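> Chains as they are written, first to last, in the numbering used here: chain A, 1 to 55; chain B, 1 to 222; chain C, 1 to 249.
Read the hints as simulated data drawn from the structure, not as lab findings.
Be a bit skeptical, because a hint or two may be false.
Some chain A residues close to chain C (C-beta under 7 Å, calculated; not the full set) [claimed, not checked]: (1) Ser16; (2) Ser17; (3) Thr21; (4) Trp31; (5) Leu32; (6) Arg35; (7) Gln44.
Please read all numbers here as calculations on a predicted model, not as lab measurements.
Each residue gets a CB set at the ideal place from its N, CA and C atoms; glycine is no exception.
Given next are the chains, with one letter for each unit.
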Amino acid sequence: MSEFFSMGGYGFYIWSSFGMTLLVLVCEVIWLSRRHKALLQRLQRMARLDSGAGS
Amino acid sequence: MLTVLQCMLTRELILAIRRMSDVLTTLIFFVIVVSLFPLGIGADMDTLRTIAPGIVWVAALLASMLALGRLFNEDFADGTLEQLILTPQPLALLVLSKVVAHWLVTGVPLVLIAPLLGLQYDLPAHALWILVLSLLVGTPVLSLIGAIGAALTLGLRGGGVLISLLVLPLYVPVLIFGAGVVDAGISGLDTQAHFWLLSAFLVVALVLSPPATAAALRISIE
Amino acid sequence: MAINWFKYSSPASFYPVVDRTIPWFMGSAVLLAIIGLYLSFFTTPDVLQDQKQYYRIIFIHVPAAWMSMWLYLVMAGWAVIGLIFNTRLSFMMATALAPTGAIFTLLALWTGSFWGRTSWGTWWDWDPRLTFELILLFLFIGYMALHTAIDDPRRADRAAALLALVGVFCVPIIYYSVQCPDPNSLNCRALHQTSSLRSIESSILTSMMVMTLAYWMYSFAAVFIRLRSIMLEREKGSDWVNELLGRMK
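The following block holds chain A by itself, in its conformation from the complex (with noise of 0.2 Å):
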């Protein structure tokens, strides 16, 4: 096992690249969902703000 994690010693290298990829991506599409539903929200609200002060 440990043997996986140094890699023939390389260990640094290839776990920071694969590392810092499945980082970015995660971030990426998590940020992005986040963004989305506080579009969602900010939209609905306004929507009942506009509905409102129509009636």
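Given chain A, put chains B and C in place with the hints provided.
Below, chains B and C without anything else, positioned relative to chain A:
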């Protein structure tokens, strides 16, 4: 078609002469940047000789980019640009003549003063000649490419920084081969291939840039 | 079978498609990534002498580079379609693609840097492929910067689209800069010189392909999530958006 070119060119040159300060700013910036480097790097002539092509070329790039502001902004501000777009003359042609005039006024002075600056870096005579030629072929390409960026960012706030972001990446191939040919000349290698490539850039830019710039102007003005 | 291409060209009709397919793309991306990573680490041989494991980086480096080029081409494609047909949705697609494209370019450069450090001894080199990949990154960023800087959405769309088109020359340079005709001439002193798909062993090729597919599915998911937000933001106040919000309560 030639009368249109002639007409625009004359107009641009007369306007440029009336605003000599703009023209001189570009030139002085170029000279100052090139002269600053030996002060910062130290006066070891061997080092300077090696880095000279790159420095002169980068300075030319930056000066060229700074000058892009005067290409369309004044005409945009007073409404002339809109009128130019509305004329029945092909916009690409008008753009080409504007860019040519711009180059004559901001690019050619750089080319002419380059040998003096090359001497500061102790470049050998044949290298000076190659430097001048490379700038002669390269600076029009810079003006042509820059015109696209200038047209896209017309009237935007933060225009200067934005234009650098857009235009500098596109300048890179010209820089690589422009500085490369002088490097080759200094080391005595064959420079023909580089010059052919630079000329090819010029031809492609002459053909593709005016229509692209015209399209960009139309998009920016509407 | 006549496909009505323009049926989905309105944001209103395309939104549900986008919304529903996101989980599928994300799911397949994760699945393919797991398979790809397993293949990369456990079924591919220890190719280089001395069991140099660092070569495993290519399993995330090459697919990322391919994606960066592909996404730029797709973005430019939507830009052209938008400019020709004047469809808002095409421009929204292009705008949604840019950030993901930039991220893959960044990843290609990052992983490539680690790869270079281990196999050639240098974190960076100015060979054509690396240089133009960097320029590609600046082109993506330039697209996003230009689009953000212009207030009028129509002008922003079209100006950024034109920029994307102008930058297309980069992609063939990156792609072909490895197939150098004369490795001894001045312009071909490239570190990437010897990589060629044909000569790669099949198990390595399979892993790379699986990872590429994983990245591609991921791109769909990420771009669609972004596109969803862009569509709602741009079309807010319109009937279909109000209807959608009403249905969500």
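> If a hint holds in the structure, say so; if it does not, say that too.
We went through each hint and held it up to the structure:
At a threshold of 7 Å, the smallest CB-CB gap from Ser16 of chain A to chain C is about 6 Å, leaving the interface hint in force. Annotation: interface hint on Ser17 of chain A holds; nearest CB of chain C at approximately 4 Å, less than 7 Å. The interface hint given for Thr21 of chain A is met, as the beta carbon of that residue sits about 5 Å from the closest beta carbon of chain C, less than 7 Å. For Trp31 of chain A, the suggested interface contact is broken, since its CB lies about 10 Å from the closest CB of chain C, more than 7 Å.
For Leu32 of chain A, the suggested interface contact is upheld, since its CB lies about 4 Å from the closest CB of chain C, less than 7 Å. A cut of 7 Å between beta carbons decides the hint on Arg35 of chain A: the least distance to chain C is about 6 Å, and the hint holds. Hint status for Gln44 of chain A: holds, given a least beta-carbon distance of 5 Å to chain C, under 7 Å.
The structure fails to meet hint 4 from the earlier list, while all remaining hints are met.
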